[in-house]
Structure formats: C-alpha cells, structure tokens
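Colleague: So the chains spell out like this:
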Amino acid sequence: MTTLTLGKALNRGLRNALAADPRVVLLGEDIGTLGGVFRITDGLQAEFGRERVVDSPLSEAGLIGTAVGLAYRGFRPVVEIQFDGFIYPGFDQIVAQAAKLHYRSRGTVKVPITIRVPFGGGIGAAEHHSESPEAYFAHTAGLRVVVCSNPADAHVMIQQAIASDDPVLFFEPKRRYHAKGEVDEAASLADAKPMGIATVVAPGDDVTLVTYGALVQTAKDAAVAAAEDGVSIEVIDLRSLAPVDYPTLEASVRRTGRLVVAHEAGQQGGVGAEIAASLTERCFDYLEHAPVRVTGHDIPYPPAKLEQHHLPDLDRILDGVDRVLGRANSLSGVEA
Amino acid sequence: MTLSDRDATGLLTRPESFVQLVDETGTRRHDAEFDPWVADVDAAALGRLYRDMVIVRRLDAEGVALQRQGELGLWPPLAGQEAAQIGSVRALRDDDFAFTSYRELAVAWARGVPAEGLVTTWRGTASSGWDPAAHRVAVPQIIIGAQALHATGYAMGVRWDHSDAAAIAYFGDGATSEGDVNEAFVFASSFEAPVVFFCQNNQWAISEPVGLQSKQELARRADGFAMPGIRVDGNDVLAVLAVTRMALERARRGDGPSLIEAVTYRMGPHTTADDPSRYRDEAELAAWRERDPIARLLALLEGLGVDVAGLERETAEAADAAAAELRAACLGLADPPALSVFEHVYAEPNSHVARQREHYARYLALFADEASDENGAGR
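Residue numbers (the numbering used here), protein chains in the order written: chain F, 518 to 853; chain S, 12 to 390.
If you're looking for bench data, these hints aren't it; they were derived computationally from the structure.
You may find that some hints are simply not true.
[Stated by the list, open to error] Anything over 12 Å on all C-beta distances counts as not near chain S; from chain F, calculated:
#: 1; residue: V585
#: 2; residue: I714
#: 3; residue: D723
#: 4; residue: A744
[Said to hold, decoys possible] Taking CB as the label site, the calculated pair distances span:
#: 5; chain 1: S; residue 1: S362; chain 2: F; residue 2: D746; range: 29 to 39 Å
#: 6; chain 1: S; residue 1: R289; chain 2: F; residue 2: A807; range: 48 to 58 Å
#: 7; chain 1: S; residue 1: A372; chain 2: F; residue 2: Y803; range: 28 to 38 Å
#: 8; chain 1: S; residue 1: A372; chain 2: F; residue 2: E805; range: 20 to 30 Å
#: 9; chain 1: S; residue 1: R289; chain 2: F; residue 2: T716; range: 33 to 43 Å
#: 10; chain 1: F; residue 1: H695; chain 2: S; residue 2: R289; range: 15 to 25 Å
#: 11; chain 1: S; residue 1: R366; chain 2: F; residue 2: V717; range: 31 to 41 Å
#: 12; chain 1: F; residue 1: D708; chain 2: S; residue 2: R289; range: 36 to 46 Å
#: 13; chain 1: S; residue 1: E354; chain 2: F; residue 2: S849; range: 24 to 34 Å
The beta carbon of each residue, even a glycine, is placed where N, CA and C say it ideally should be.
Assemble the whole structure, with the sequences as input and the hints as a guide.
Modeller: Here you go:
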C-alpha cells in the first residue's frame with residue numbers, strides 16, 4: 518500500500534493504462550509539458566512521448582470528435598476536459614456522436630473513449646470552473662457515468678473506465694484532488710470491484726445517505742456527527758451514476774426505511790430525482806418517509822463569495838436527515 | 012486600397028512582416044498606406060496613449076498584488092499586451108460595442124468601467140462588474156471564443172438597424188481553434204456584418220505555443236472566409252490604432268468583417284494560478300522585453316522633443332492614484348448577502364427559484380435562532 522493523493526492516484530492509474538495497452542492515448546489542453554492544470558498527467562508525456570500524451574488545439578468539440586475518429590481506428594482515447602464548465606462545446610460530439618455510435622452501427626463500432634472531467638465547486642474559482650454537469654450525461658443513453666471519491670477508487674476506476682468498451686464520462690472531484698488515502702498499486706484489476714458497483718462507506722441503521730464525489734467525505738462527517746446525536750446513518754458512495762447500482766441501494770433502504778440523496782448539482786432533473794423516484798418505485802412499502810434531496814440550488818453556479826450558500830455542507834445534510842426522520846428541521850410546518 | 016487588396020498581396024502575412032509604424036527603438040517607420048489613418052495623432056495624442064498604457068499596466072500590477080495578498084481569487088494579467096488593447100479600444104467610437112475575453116482590463120478601463128467593476132469578478136462578489144449597455148462592453152467571457160459569435164450577432168443587428176456602428180471581438184490565439192470563432196467568421200462574412208475580429212496573438216494558450224493552433228500566421232485564416240486579414244505589431248500602439256481604424260471604417264461602410272492579428276506577448280502567467288516556468292524559457296521573455304510597447308513609445312516621444320521626464324512623473328502619479336483607487340474599491344467590495352444567490356436567475360418571477368429561496372431562508376433562520384440562543388446563554 519502507498520499513501521497517495523487522489524490526483525496522484527489518477528496519475529498512477531493513467532500511467533498503468535498507458536503501459537498496459539499501446540492503443541491508449543491521452544488527449545487534452547495543456548496535458549503535456551504542463552501536466553494538466555491540476556497536474557493529473559504530470560510526467561506522462563515525458564515517459565510515453567508526444568504521440569501517446571497529446572497537447573491538442575483549444576477545441577473541446579475537436580478533442581471529442583477526433584477521439585471518436587481515433588476509436589474508429591482502434592485507439593482507446595482518454596480525453597481531459599480542463600474544467601467542468603468547458604465541456605459544453607463538446608456536447609454534440611459526446612451526446613449525439615460518441616453515445617450513439619455503437620447503437621447506430623448495430624454494434625459494429627466500439628467507442629472506448631474515456632472523458633475525464635474535473636468537476637464540482639468549493640475551490641473559490643471563477644465562472645465555469647465549479648460546475649456539476651453529470652446529469653446531462655446520466656440522461657444520455659449510451660454513456661456510462663462514473664465518479665470517484667477517494668484515491669483507491671480513483672486509481673482503479675480510471676483504469677476500468679479506460680478498459681471499458683463503452684464511452685465513459687469520468688468525473689473527478691477537484692476539491693478532493695489533494696486528499697490522501699491508501700492505494701494498493703499492485704492490486705490486480707481483474708479482482709477489483711467493478712466501477713458500476715456502489716460502496717457502503719459507513720454502515721448504519723436509521724437513514725440511508727446516498728452521494729458521490731466530494732460530498733462523500735462530507736456525508737461521512739455527517740454520519741459521525743449524527744452518531745453523537747444517536748442517529749445511525751448508512752453512507753453509500755454511488756460511484757456509478759449510469760447505471761445506478763440499485764441492488765446495493767435497495768438493500769440499504771429496505772433496512773433503514775429512509776433515504777437522503779445529496780449532490781452539488783441542482784435539484785431539478787438531477788441524479789437525486791432519478792434515484793428518489795426509482796427507490797420509491799422499488800421500495801415503496803419499506804419507506805417510512807418520502808425521500809429527501811439535499812442539493813445545490815437551481816441557479817447558475819454562483820460567484821465564489823456565495824458558493825458556501827450553494828453547496829450542500831454537513832449542516833444542510835443533517836437538516837435533510839432531520840427531515841427524513843420527521844424531526845424538527847428547517848421545513849417544519851411547511852408543505853413539502 | 013482596401014484591406015482586402017493589401018491582403019491579396021500576401022505582403023502583410025509573411026512571418027517577419029506586419030504593419031509597424033513605431034519600431035522597437037522608438038523610431039517612426041513611415042508607411043504610405045497606414046500613415047493617413049493616424050495623421051491626426053500628434054505628440055499630445057501620443058502622450059495620451061502613453062498615459063493609457065502606463066495606467067493599465069499599473070492597474071494590472073495592482074490586480075496581481077491584490078491576488079497575492081488574498082484579496083482577489085484570481086487575476087489574468089495583461090502585462091505586455093497594453094498596446095494591443097489600448098490601440099484598438101481607442102479606435103472605437105462611443106457607440107461601437109466590444110465583446111472581450113477575460114484579459115481585456117484595458118478595454119474595460121478605457122470604456123469607463125469604474126475601479127470596482129474591474130475587480131468584482133475576480134473578487135468573486137458577482138459574476139460581472141458593469142452594465143454592458145452603459146459602457147458598450149459585454150460581460151467578460153471565460154469560455155474560449157464564445158464572444159466572437161456574440162459580436163457577430165450584435166453586428167448583424169447593427170446592420171439590420173441601418174446603423175454605422177460596429178462591433179469588435181477580442182480573443183486570443185488559442186481561441187482561433189474553437190468552433191465558435193470559426194463559425195463567427197462564417198456568419199460575419201456571409202452577412203457582411205460590421206465586426207472586427209481582434210485576435211491578440213500573445214504566443215501562448217496557457218502552456219501551448221501558438222504553433223499548435225496554427226501552422227501559418229493567424230491572419231491568413233481570414234482568406235478562407237473571404238475577409239481581409241491583417242497582421243500588425245501588437246506592441247506598437249500607433250500601428251494597432253491605424254489598422255483598427257481602417258477595419259472599423261471598412262465595417263461602417265458596409266464591406267463586412269476583418270480579422271486583425273496583433274502580434275504581442277503575454278509577459279506574465281496565464282493567470283495568477285499558472286506557473287509559466289514549467290513551459291517557457293526566460294530567454295524568450297527577455298527578447299520580448301526588448302519589444303516593450305511602453306518603452307518604445309516613450310522613446311518616440313523623446314525624439315519628438317516632448318519633456319518625457321515630466322510626462323513620466325505626471326503619468327506615474329496618475330497611475331499610482333488609479334491603483335490606489337482600484338485597491339480601495341476592491342477592499343470596499345463587501346461579501347454579498349446569502350439570499351442574493353437566488354437573484355437574477357430569471358428575468359421574470361419564477362416559482363421554483365422563489366420556493367428554493369424561501370426554503371433556504373428558513374434554513375438560515377435556524378442558525379440565526381441558534382446564535383441568539385447562544386448569545387442569550389452567554390449573558
């Protein structure tokens with residue numbers, strides 16, 4: 518085991534993928550000499566050369582569109598989108614092209630593209646640098662959408678994403694890039710938990726708290742705080758947003774009878790809406806309370822000085838827990 | 012001779028060739044085609060251009076300092092690009108409209124944006140710092156190249172309104188690779204929109220050299236879109252003024268768009284979050300220091316017999332005063348109230364946002380109650 522930051526764990530995972538398969542190529546803006554603005558690809562161009570780790574012209578549509586072409590040619594492109602809010606010029610190539618090609622070609626063309634996206638807020642950044650666009654992609658048939666939350670998962674999941682024959686949107690919680698954790702670099706990918714399976718990161722009996730990305734740590738902290746108050750929270754790190762690992766979620770909700778879903782993205786049409794609806798359908802007879810969502814507001818990501826009022830934090834999650842438990846909370850006496 | 016004629020010769024697009032009226036040593040280079048466009052620019056006017064550039068350089072340095080001191084979240088320095096920005100913005104008429112990226116401090120300042128507005132975005136108190144209609148400058152654009160289409164659409168509207176105003180789109184060398192910029196060229200050309208595409212080729216898109224974006228001079232991109240492309244020494248404020256005036260005049264008379272490539276250099280980092288020592292040589296910086304836009308103008312003024320010592324002194328005082336004003340405005344920007352996070356999402360009342368606002372207000376009230384309980388307990 519090695520102690521690595523989440524960013525370094527991604528770097529090592531990318532290195533393994535480049536070493537394991539000569540058809541893996543990394544493409545992005547500033548990923549070569551600079552090693553990426555977050556240094557996730559640091560040193561990889563020096564090690565693997567300019568034809569494996571490629572600085573591209575500034576065009577997200579160009580990056581993803583050429584990745585589709587490279588896939589036609591049998592490559593496994595890994596595209597870095599510099600910041601979440603920069604992905605939209607590439608939206609057509611992701612949603613209308615990469616996502617649909619396997620279907621349109623009746624399974625004859627595989628699109629093993631991984632699109633890495635540093636996402637989420639909490640770093641005091643400028644506009645377009647703190648967004649959570651995952652729901653657009655989870656809504657799109659043909660795409661897999663995964664989110665890592667810790668170094669060990671980051672290391673394994675990036676390799677699994679690259680090995681997948683489907684296009685994968687790989688979201689990285691940028692405010693956790695410097696968080697450290699134990700990583701088993703020698704572990705075999707074959708034995709690793711599939712990236713589509715959720716993880717119960719803290720067991721509990723009273724409330725199921727489902728989240729992903731940077732909020733997993735916040736949720737774990739909330740579970741500790743709630744325990745002091747006599748409430749036992751089971752925290753589940755979703756890891757995959759499309760598809761969702763419903764068996765793991767159902768098993769938990771059937772036990773606790775209470776569901777809270779938290780994410781930084783807005784509420785309307787979000788991942789939380791889908792999970793709340795699906796678990797209501799699947800576990801209706803077990804629910805003691807309507808599912809509760811704790812999310813960012815349905816507003817454009819606000820300027821840095823206001824982001825603490827947008828992002829769910831420990832207190833907002835605990836308020837959601839109080840709601841699902843029917844205890845006094847911010848909406849007591851309000852029609853839900 | 013039109014820009015287009017000039018461009019057809021290919022004369023201005025050879026690597027070593029650009030429009031230059033004042034060289035690195037401050038010597039006036041006469042140019043039969045472009046001199047008439049700045050015939051009115053006498054020593055006093057040159058002194059004003061000098062003053063503009065010194066002030067924006069000083070404001071820029073203050074912005075960097077404020078970021079280093081933790082008062083601003085980020086700052087994208089313009090150092091090195093003073094002539095490109097001042098020369099072009101001073102060519103605009105008051106009713107022209109500028110669409111900028113995030114680095115055009117000089118454009119916003121020259122269009123009268125108050126000090127507070129120049130730092131708002133970077134202090135993170137609001138997403139933009141001014142009313143575009145009041146200054147005829149759009150809100151700054153961070154998405155690379157998106158504003159080129161906005162400038163084009165604005166210019167199409169100007170044309171359809173039978174006005175002789177124009178729009179100018181500022182973007183960098185990196186942006187020329189984005190679809191939006193190329194699509195803007197197509198629309199502007201197709202509709203003969205009165206827009207000037209002003210590309211500051213500062214040689215670097217964060218760590219990527221301009222050669223990655225284009226294998227030939229960026230100005231030559233214009234050929235394929237049937238518009239004139241002109242390459243100008245972007246560190247020569249007089250030449251930038253001349254070519255921008257010429258391109259604006261072309262737009263006003265209904266002949267459509269032009270592309271100007273102002274060859275300049277980003278002396279600082281991409282932003283204060285960047286470390287250029289990872290990707291470029293000190294020697295390159297030193298070479299560009301020799302081509303400083305302010306030093307050469309001062310040398311020109313000295314040659315014209317201007318009391319440059321006096322000018323330098325007065326200008327430095329004005330620049331320091333502007334910097335002090337910027338600092339005071341920055342420190343005076345209060346954090347916005349929590350519930351303002353819900354403002355301006357829609358132009359019309361919106362039930363969904365209203366409900367979320369109400370819920371969040373109730374949530375915040377819990378803490379207000381707790382705080383007052385704690386205060387009570389402490390007494």
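Colleague: Starting from the hint list further up, note which numbers the structure goes against and sort them upward.
Modeller: none
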